[in-house]
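Visitor: Could you put together the complete structure from these sequences and hints?
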Amino acid sequence: MALCGLGTALARGSVLINVRNLAITAVPLCTAFLLGGRIMSEIKLDIALPDDRPAIAKVLADPLVRQRAHLLVMPDPTAVAMLMDSVHLLTIRYDGRVVGIITLDRVSTDCWELGYLLNRADWGRGIMTTAVGLLCDRMKPGTQLTATVDNENVASQRVLIKNGFTRVRDDGERGIWIYKRDLRQSNIRV
Numbered sequence: 040m041a042l043c044g045l046g047t048a049l050a051r052g053s054v055l056i057n058v059r060n061l062a063i064t065a066v067p068l069c070t071a072f073l074l075g076g077r078i079m080s081e082i083k084l085d086i087a088l089p090d091d092r093p094a095i096a097k098v099l100a101d102p103l104v105r106q107r108a109h110l111l112v113m114p115d116p117t118a119v120a121m122l123m124d125s126v127h128l129l130t131i132r133y134d135g136r137v138v139g140i141i142t143l144d145r146v147s148t149d150c151w152e153l154g155y156l157l158n159r160a161d162w163g164r165g166i167m168t169t170a171v172g173l174l175c176d177r178m179k180p181g182t183q184l185t186a187t188v189d190n191e192n193v194a195s196q197r198v199l200i201k202n203g204f205t206r207v208r209d210d211g212e213r214g215i216w217i218y219k220r221d222l223r224q225s226n227i228r229v
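Under the numbering used here, the first residue of the sequence shown carries the number 40, and numbering increases by one thereafter.
No lab work stands behind these hints: they were computed from the structure. Quick caveat: nothing in here was measured; it's all calculated off a predicted structure. Ideal placement from N, C-alpha and C gives every residue a C-beta, glycine not left out. Fair warning: there could be bad hints in the mix.
Stated by the list, open to error - Listed next, the in silico DSBU-like pairs over lysine-lysine satisfying Cα-Cα at most 30 Å (straight line): (1) Lys201 to Lys97; (2) Lys179 to Lys201; (3) Lys179 to Lys219; (4) Lys219 to Lys201.
Unchecked claim - Cβ pair distances, simulated, as ranges: (5) Pro180 to Thr117: 32 to 40 Å; (6) Glu191 to Thr117: 27 to 35 Å; (7) Gly214 to Pro93: 28 to 36 Å; (8) Val207 to Pro116: 32 to 40 Å; (9) Pro93 to Thr205: 34 to 42 Å.
Guide: Structure, rendered in structure tokens:
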């Protein structure tokens, strides 16, 4: 069952406990973005709800964003609904607006494929590094996350490395690297 299929029984900002073998804590997933000792903005992960479809479609409207994330989903609410039904989908909010998404797709009982994308206008701000860190901090111990990244997408590789992922192999001819993180380890950020 996808997280979004749970309806509105969950308050925005709360994440479900006990999605089978996923078990993210039920506290709001948010952090303050600090600059010079003062709070600038808040980054928050939410379960994607049906009302979020237009905002998610807007994020998907940029072809470069879709290409870098290896998503073939078209930027319309119907396609977003199909995506929400096929994976666990979280929205990334920055200053109260949806600026990106995180997807989790089950590979095996304790292993999940992590995917993410962010509005191009928000690249380079540390938003995705923080969002992935929030997710990793609250995942069930013993869970393993994997992520696939283009060899040329250095920014995405840095997001993973800063969150304790290690590059384990390339896929051969396509120029794609596979990263892995065992969540028994502490969340390491550089």
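Visitor: Which constraints among the numbered hints does this structure fail? Numbers only, ascending.
Guide: none
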